[in-house]
Each structure stands twice: as C-alpha cells, then as structure tokens.
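> The primary structure of each chain is shown beneath.
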Amino acid sequence: MAAEGQKTEGRPRALFPRWIGQTGITLGSIAFTMLGLLFVTFIIGRVMPIDPVLAIVGERASNEVYQQVYQDLGLDKPLLVQFGYYLWDVMHGDFGMSLLNARPVSEDIARVFPATLELATLGTLIGVFLGVPLGVLAAVKRGSWIDQIARVVALVGYSMPIFWLGLMGLLVFYGILGWVGGPGRVGIFYVDVVPSVTGMILIDSMLDGNWTVFRDALSHIVLPASLLGYYSLAYISRMTRSFMLEQLSAEYITTARVKGMSERAVIWRHAFRNIRVQLITVIALSYAGLLEGSVLTEIIFAWPGIGSYITTALLSADMNAVLGGTVVVGLVFVLLNVFSDLLYKFFDPRAQ
Amino acid sequence: MNAFSKLLSGAAIGLAVTAVALPVNAETPANMLVIANRIDDITTLDPAESFEFAGADVSRNVYGKLVNFDPLNLDAGYQPDLAESWEISEDGRTITFTMREGVKFHSGNPVTAEDAEFSLRRAVLLNKTPSFILTQFGFTPENIEDTIRAEGNKLIITTDKRYASSFVLNCLTATIGGIVDKTLVMEHEVDGDMGNTWLKTNSAGSGAYTLVSWKPNESVTLQANPDFYQGAPAMERVIVRHIQESATQRLLLERGDIDIARNLNPEDIAGVMDEGGIKISDELKGRLMYVSLGQQNPDLAKPQVRQAIKYLIDYEGMVNSFLKGQYTIQQNFLPLTYLGSVEENPFSLNVDKAKELLAEAGVDGLELTAGVREAQERLEIAQSLQNTFAMAGIKLNLTVGTGKQILGMYRARELDVYVGAWGPDYPDPQTNAGTFAFNPDNSTEAQNTGILAWRNSWDTGGLSEKVEAAVVENDRDKRAQMYRDIQAEFRETSPFAIMFQQIEQSALRDNVENFSTGQAITAASYWQVTK
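Residue numbers (the working numbering), protein chains in the order written: chain A, 1 to 352; chain X, 1001 to 1531.
Because the hints were derived from the structure by calculation, they are not lab data.
C-beta atoms are modelled at their ideal positions from N, C-alpha and C, and glycine is treated no differently.
Among these hints, one or two may not hold up.
Said to hold, decoys possible - Pairs of lysine to any residue residues, derived as SDA-like cross-links and limited to a Cα-Cα distance of at most 20 Å, are as follows: (1) K1215(X) x A102(A); (2) K1154(X) x K1200(X); (3) K1200(X) x P161(A); (4) K1161(X) x D1075(X); (5) K1215(X) x L35(A); (6) K1531(X) x I1503(X); (7) K1215(X) x P195(A); (8) K1215(X) x L314(A); (9) K1355(X) x Q1304(X); (10) K1215(X) x L73(A); (11) K1478(X) x E1090(X); (12) K1353(X) x K1279(X); (13) K1395(X) x N1263(X); (14) K1200(X) x I188(A); (15) K1215(X) x F333(A); (16) K1200(X) x V69(A); (17) K1154(X) x E1084(X); (18) K1324(X) x S1246(X); (19) K1302(X) x R1484(X); (20) K1200(X) x L73(A); (21) K1215(X) x V69(A); (22) K345(A) x F333(A); (23) K1215(X) x I30(A); (24) K1215(X) x L54(A); (25) K1200(X) x S1131(X); (26) K1478(X) x D1075(X); (27) K1531(X) x P104(A); (28) K1200(X) x F333(A); (29) K1279(X) x G175(A); (30) K1215(X) x G175(A).
Stated by the list, open to error - Each pair of labels, with its calculated beta carbon distance range: (31) P195(A) x P1266(X): 36 to 44 Å; (32) L80(A) x E1468(X): 43 to 51 Å; (33) G1192(X) x V81(A): 43 to 51 Å; (34) P104(A) x V1472(X): 40 to 48 Å; (35) T212(A) x G1256(X): 15 to 23 Å; (36) E64(A) x G1362(X): 24 to 32 Å; (37) P1266(X) x G74(A): 42 to 50 Å; (38) S1085(X) x E64(A): 52 to 60 Å; (39) G1256(X) x R273(A): 32 to 40 Å; (40) V1190(X) x V81(A): 44 to 52 Å.
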C-alpha cells in the first residue's frame, strides 16, 4: 500500500490512462514484428532459387511468353518497390492471388486455416489434459514406476518420427481395426453436407445440428489429433514434471506439510498454483507449434491444413500463398504471446 | 494420488470408447467412383489455359471437342465428337466441320458452330501457355476472323499452309480444343478476360460430367450429365481426392474407401498385387526420360563419343531396379502408341564397345558436368550414369539443383549433359519430332529455347527438313513411315539418348471396369466406367 501511495502522490498525473499506453506499445510491437516478418519472408522468397514464372508458364514456354509473365508479376521492378506494393495490398486485406490456382490467397487461407485450428486445438487439449496430470504425477512419485512410464512416454514422443507413427496409427486403427475414419476431414458422403460457418467441421456440424456428420468428422479427426496430442503431451508432461520438482523441493512446501496440510492441498493449492505461469508459456508454445501446421501429419492424413498449404506453395514457387500463410502463422504466434501475457497478469498479480 | 490415476484412466477409456463407437464406411456406392490421385498440379480448369495432367483429366470429362478419342478404343485415333463429320479442301488448308445436332451444354444452351468458333478464337486471343498448339497453324489475333469462322452449322478453319490433316485433328483433341458455352462464359467476363478468371474454377462444357467443385490440394467433384449425348454415365458422381502418400492411398483402397489408387509406388503395387479384391492396370504414358549431350562441347560433338555414351547407359539395370514397374525401355523420341512409334531399342550397356568408340574419337580422360533437377528418379538415373560412365574413364560431375537453376543453365546452353524428362503436348508425332529433331536455326541469337535440339546446340543435319515434310504429309501410313525413318537416323546421329517411357500403374477394386488413364495420347476418362 505504501508503494501505491508513493506512486499516486509522488508522480504527476499522466496525460492518458496507463492502459492506453500499454495497449499502444503492444499494438506497435505487433505491427513492428509483422512488418519485420513480412519483409524477411518477402526477401527470402525473392532471392531463393525458385522461379514463379517458370511455375506458371512451364519449362517449354518461349522467351516472349516468359518475359511477358515476368513483367505481369512485377518481377522486373526493384525489390523494395515490389515489397512496397505488396505491403500496401496487405494493409488493405489483399494477399493477392495464388499464382498457381488463381484464387485469392485470403480465400485459400480461410479454407485451410480452420482445418489446422480444429486439429491443433483438439491435439493441444489432449496434450494438456493428459500431459499435465502425468507430469504432476511423475514429479510427485519421482523415481517410481509411474515416473519411469512418464519418462518412456515422453522419450517415445520426442524420438519417434511422426511420419512413421502416423502411418502405423492409420494401419492399426483404420486399416486393421476399423475403429476410426480414414484420411481426410470427413467421409466422402459428408463432404459439403453442412454449411461452412467457421470452417471447422466439428463446430459447423454442431451448429447445423447434424450429428451424423459430427460423428463422422470426429471419427476422422480423432487419430491425427491424438497423434499431435501425444507429441504435445510428451513436451508438456516433461516440462510440468520439471516445474513441479522445483516447487516441491522449496521450503514453503515443507512448511505446508509440517503444518499438517493434506498432500492434495500441498500439491494443487501450493505447488501447482506456482507453476501455472510457466505452464502457460509451455502450452502456448506447443499450441502455436501445432497451429503452424504439422506438414507430415497433414500429408499422411490428407488433412488440408495450412502446413501442407504453405509447403506446397513453397515447392511450387507460389510466393503470394507462402507470404499469406506466413503472415497468418506469424499473427497467430503474436496473438498467442499477447494472450499468454494477459494470462500471466491474471494468474500472477506481480506481472501487472 | 488416486484422483490422478482415475483421471488418466478415465481419459484413456473415454478415448477408446469414443473410437470404438465411431462409424466406418467400407465400400463406395455402386453409382459413385472415388479416385485417389495427386492433383496438386492443377492451376486452372480453363481449357484455353490448362496444361497439367490432373487438369487434363477434369477437362476431358467436362468438355466436348470437335474430335475426340474413344476411351474404349484409343488405337482407333480421333473420332467424331461435337463435330459429326468434316471435309478437307483440295489444297489441304481448310477443314469444314459439321456440328452434331441436338447436343446441349450443361447450362441447357445448344452447342453450335458459333460456340466452337468462339472457343478456338478465344484460345488464340487469350494467348496462354498451350495456345501454341493452335497458333502453330498460323492462327493469329489479327487473322482469326477469317481463319476460324462459323457458317450456319459448320465451323471452317483455314491454316496458313498445308498440314497433314491428322496433325491438325490430333491437336484439336488436346485440352485446348475443348468447346465452351459462349453465352455462359461471356456472362462472366471481367475486364475483357473472356471469362478466363471465372472459368479457372468453374465449367461451361457439354461433356459427360459437370464440375461441382475444385478444392485445390483437396478434391475435385464431378456430377454426371444426364443429357450427355452418348448416354448418361453409369458413375453419377466422381470424386478425385488429393492423397499425396502412396501408403495412405493403399490403405484407403484396401479398406474399400476408394475405387482407384493412381499413385502407388512399386512397393505398394507389389503389396496389393496378390490381395483379393484388387487388380492392377498398366498403361503406357507419354513421358520420356532422356540424356542429352551439349554439342557446344567439342568432345561431345564427335559422333563416336555420342555413340559411346549411348552404350554407357545401363538401361536394363535401371528398369529392373529402382524404375521397376514405372518405366520401360524406349530409345526413340516417339512414345509407344503414337503414330509412327517404333520399338527398336538397339543400345544396351556395352563398356568395351564404348571404349573402342572413344579411342576411335581420340578422347581420353573426359570430364563432364551433368545438370540434374531435384527429383528422386532423376538423381538415381544420374548416379547410375556416373557409375557406368566411369567404367569407360568418363568422369561425370553432377550439378543438382532446382528447376530454375538447372533449366536456366540448360536453356542457356551451359550444360555438357542434361538428365531430363519430356512429355508430349498433344497426341501427334509432331509434338516430339518438332523439338527433338527440328532446329531451323542453331545460332545463339535465335534463342529457340523451347526447342530441345537448340538447347543442346545441335544442328540436326537435314532432319529438320524431314520433320517439316512429315508434318504436311496427308497419307497417314506414309506419314507414319516418315517418322520411323526420322527416328532411325535420330537414334544413330543425335546427341539424345532416349532411355525410358513411363508406365502408369493404377490399382483398382476388382469391380471397377473400363477405367482408362488415356495411355500416352490423352487423359483419364470416367464416363465409360462401370462397377
């Protein structure tokens, strides 16, 4: 309270409320980050040895056709001028047309990003709801068989190639057991059955009240989401264990135990409460990683997400699509960071 | 800690129960064809612009053409389609097509000669990448009012000089020959684009199917046209799903969730070959793999060296190992099934013979640089060449790079050796003869970068004239013989070692009948398929 008193009495009243300044700084930082990201991606895209003109006209086109398309794409202008034009368009919400499929990039992203969002969210939920308890349990039962199992689970998650694990999962649960739907977001009978509102089929089918489509979509997403969830789990459980061990060895925990608090209260009310901020960082990073798009998972499960979209665009020299996708992924990272900061302040008043 | 254990167990059981309870589809409906294919090459579905394999598949099923191939009898060559007959003028320059009566577009508009006129003129005016297939006959934006015109029920086209009628008609079977619905297309014209933007993602055809949707890198859905003039297709809906991975395609096929898998690798083909309920279909495609020798290198310009290198390629070894099932040996520039194609493959790995030829040429300790694009099969071929060339003392250095890097060098005549692939543009022998064996001006200034002979600095030594003669020969048999003769000379004298022709292996559920990928001359068709 003394500090509060000093602050109000000792400093002149600010011109604007403090939160306006903080918001301004946050927005400025987001804008600066995005500008930097755009610039770097744009320059890399222009100097890397792929040829967007060749991708459009084909390798047997005449020099005349080649030069015409080269100029049409504005590639004859200086790099900075090209970037200026691009930036102007982006600021007006125009990511340009995909060079290869001739559709607006914004439309493509609106189609593929919800697919990734749906998959990554479910994967992260699985990772958090299994990984956090597993990590806590491993820390509390340090050295026990539970800890050993948690270690093996994490080790397998870290070291097993996702490509192999995905194919094996498909082979066993789809090919042999038939428990889940196959590759793709939904069975061929249910394609375009429910109107696209959010682009996330699980939510769209719920909104539409079409539970048949919901069950089918769930049968298709459960395997790739579990796979991503497993990798997320491996990371989250190890970090949770590490954070918890640090807390459990602190003196205040010993004091709490000496005072006769129940073990459950010691773990959840004291130790776990103090790792929430660190956990938010870990979960946010894990979620952002999945939102970036897991290319291999998307390829194996024929999941039309943003990871495979950007990769295909890159291999096809479709730089408008690459830039558009990169902006969205970058924005997701930035927003998750901002959200994490807000959560820090909520859980830890010191951060305010 | 019991609470944690319960939580973990509960979550695991919940997931398992959810999974067990979920529905699974095991077979596609009898009136639906589901195909797994890589369709990420589609960039546009406008027939005046489309020039990719997967796009050609869509186009062939959506658009009628003046003349077309019968999928159940591809060997018969072009047949009447929207034009029920045609006549050729005495000077061989004018073809008059009589349009088939009573055919309608999917929109319900009648197919008329005016639509055909519009479609061909539009392709010339738009001047997209495949437009050369038409403009090579002398059609230009300035003269199309006279050279492509409709009169009543007839479409009349006049070429700039006499060409073999088979050449012109074969070109009209290409995707660019698709006849579009003028009324519908022009309703969607924006800024004078003749409907190009709209037609990239929509259809305006009269073929067996209408386009329902194209989702890039995801799927193409076609719906049968019940009024198709040849009769409504048995498969009422065709869904082509983009499935990148061979193993995933295989699983879907084995589970019965798709009817056809078009991109199984040799291991997966071998895996499903003996499985009940699945059959394999092999079709020769038009893609050729070749090695070319830049004639700007004085050593490679020696005939004996060119011959020696053709004896330093392990054709058999490659098709029996890493190319097994995917390629067959073909040492001629025309793919088998093309008019004038031949099966003579005189070269095989013969190191002693190669050494003799090199000695005769006075070449010793030759060191060459080969440009190779980053593709698995090309890299493996290049490594095999590196190995066999070394047996005769030729050191082959590989420069591996992206298309931009390697093609840039190739087009600039900077490579000693190029390990390449070539696919024909249209189903006529001229498409390959005109690039492998034709080079009217070998000078650097000519910059004929689209011609392979020019890229390799090869003055064809009289073959260009023979190619020009073959392209105007109206007697089909005589024309075929001319190409056989050209190829015989080409095999011996050219700096090209044509090596392999692609085979496409599709795996099908055994109830699928009459499916055709179109062999080397055209694209896949679905309207004749039954289950």
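> Taking the hints in turn, state whether each one holds.
Results of checking the hints against the structure:
1. For a cut-off of 20 Å, the pair hint linking K1215(X) to A102(A) stands: about 12 Å separates their Cα positions.
2. Proximity of K1154(X) to K1200(X) is assessed by CA-CA distance (about 28 Å); at most 20 Å being required, the pair is judged violated.
3. Note on K1200(X) and P161(A): the hinted pairing is violated, with a Cα-Cα distance of about 39 Å set against a maximum of 20 Å.
4. With a CA separation close to 28 Å, the supplied pair K1161(X) and D1075(X) exceeds the 20 Å bound.
5. Restraint check for K1215(X) and L35(A): not satisfied, since their Cα atoms lie roughly 31 Å apart, outside the 20 Å limit.
6. For the hint linking K1531(X) to I1503(X), the alpha-carbon distance of about 24 Å lies beyond 20 Å, and the restraint is violated.
7. Distance check on the hinted pair: K1215(X) and P195(A) sit about 15 Å apart at the alpha-carbon level, within 20 Å; holds.
8. Simply put, K1215(X) and L314(A) have alpha-carbon atoms about 18 Å apart, close enough for the 20 Å limit, and the pair holds.
9. At most 20 Å may separate the alpha-carbon atoms for a hinted pair to count; K1355(X) and Q1304(X) meet this at roughly 10 Å.
10. At roughly 24 Å between alpha-carbon atoms, K1215(X) and L73(A) are farther apart than 20 Å, so this suggested pair is violated.
11. Between K1478(X) and E1090(X), the direct Cα distance comes to roughly 18 Å. Compliance with the 20 Å bound is thereby established for this hinted pair.
12. Taking the CA atoms of K1353(X) and K1279(X), the gap is about 43 Å. The hint is violated against a cut of 20 Å.
13. For the hint pairing K1395(X) with N1263(X), the CA-to-CA distance comes to about 35 Å; that exceeds 20 Å, so the pair is violated.
14. Between the alpha carbons of K1200(X) and I188(A) the distance comes to roughly 24 Å, so the proposed pair goes past 20 Å and is violated.
15. For the hint pairing K1215(X) with F333(A), the CA-to-CA distance comes to about 27 Å; that exceeds 20 Å, so the pair is violated.
16. Restraint check for K1200(X) and V69(A): the C-alpha separation of about 17 Å stays at or below 20 Å, so the hint holds.
17. Straight-line distance between C-alpha atoms of K1154(X) and E1084(X) comes to about 10 Å, which keeps the hinted pair within the 20 Å bound.
18. For a cut-off of 20 Å, the pair hint linking K1324(X) to S1246(X) stands: about 16 Å separates their Cα positions.
19. Among the hinted pairs, K1302(X) with R1484(X) is inconsistent with the structure: their alpha-carbon atoms are about 24 Å apart, more than 20 Å.
20. A distance of roughly 18 Å separates the Cα atoms of K1200(X) and L73(A); the hinted pair therefore holds under the 20 Å criterion.
21. Of the pairs offered as hints, the one joining K1215(X) and V69(A) is violated, with about 25 Å between alpha carbons and a cut-off of 20 Å exceeded.
22. Simply put, K345(A) and F333(A) have alpha-carbon atoms about 19 Å apart, close enough for the 20 Å limit, and the pair holds.
23. Between K1215(X) and I30(A), the direct Cα distance comes to roughly 33 Å. Violation of the 20 Å bound is thereby established for this hinted pair.
24. Proximity of K1215(X) to L54(A) is assessed by CA-CA distance (about 23 Å); at most 20 Å being required, the pair is judged violated.
25. Distance hint between K1200(X) and S1131(X) is fulfilled; the C-alpha atoms sit about 16 Å from each other, no more than 20 Å.
26. Distance check on the hinted pair: K1478(X) and D1075(X) sit about 18 Å apart at the alpha-carbon level, within 20 Å; holds.
27. This hinted pair does not check out: K1531(X) and P104(A) have alpha carbons roughly 39 Å apart, beyond 20 Å.
28. Taking the CA atoms of K1200(X) and F333(A), the gap is near 34 Å; set against the 20 Å cutoff, the hint is violated.
29. Our distance criterion of 20 Å between C-alpha atoms is met by K1279(X) and G175(A), whose separation comes to about 19 Å.
30. Straight-line distance between C-alpha atoms of K1215(X) and G175(A) comes to about 26 Å, which puts the hinted pair past the 20 Å bound.
31. The beta-carbon spacing between P195(A) and P1266(X), approximately 43 Å, falls within the hinted interval of 36 to 44 Å.
32. For the pair L80(A) and E1468(X), the beta carbons lie near 49 Å from each other, so the given range of 43 to 51 Å is met.
33. G1192(X) and V81(A) have their C-beta atoms about 27 Å apart, which leaves the hinted 43 to 51 Å range violated.
34. Taking the beta carbon of each, P104(A) and V1472(X) are about 47 Å apart, inside 40 to 48 Å as hinted.
35. The hint said 15 to 23 Å for the Cβ distance between T212(A) and G1256(X), and at roughly 20 Å that hint holds.
36. Judged by the Cβ atoms, the range 24 to 32 Å given for E64(A) and G1362(X) is violated: they are separated by roughly 42 Å.
37. Our hint of 42 to 50 Å for P1266(X) and G74(A) holds, since their Cβ atoms are close to 44 Å apart.
38. Against the hinted window of 52 to 60 Å, the Cβ-Cβ separation of S1085(X) and E64(A) comes to about 37 Å, which falls outside the hint.
39. Taken as a hint, the range 32 to 40 Å is violated for the pair G1256(X) and R273(A), whose Cβ atoms sit roughly 53 Å apart.
40. V1190(X) and V81(A) have their C-beta atoms about 27 Å apart, which leaves the hinted 44 to 52 Å range violated.
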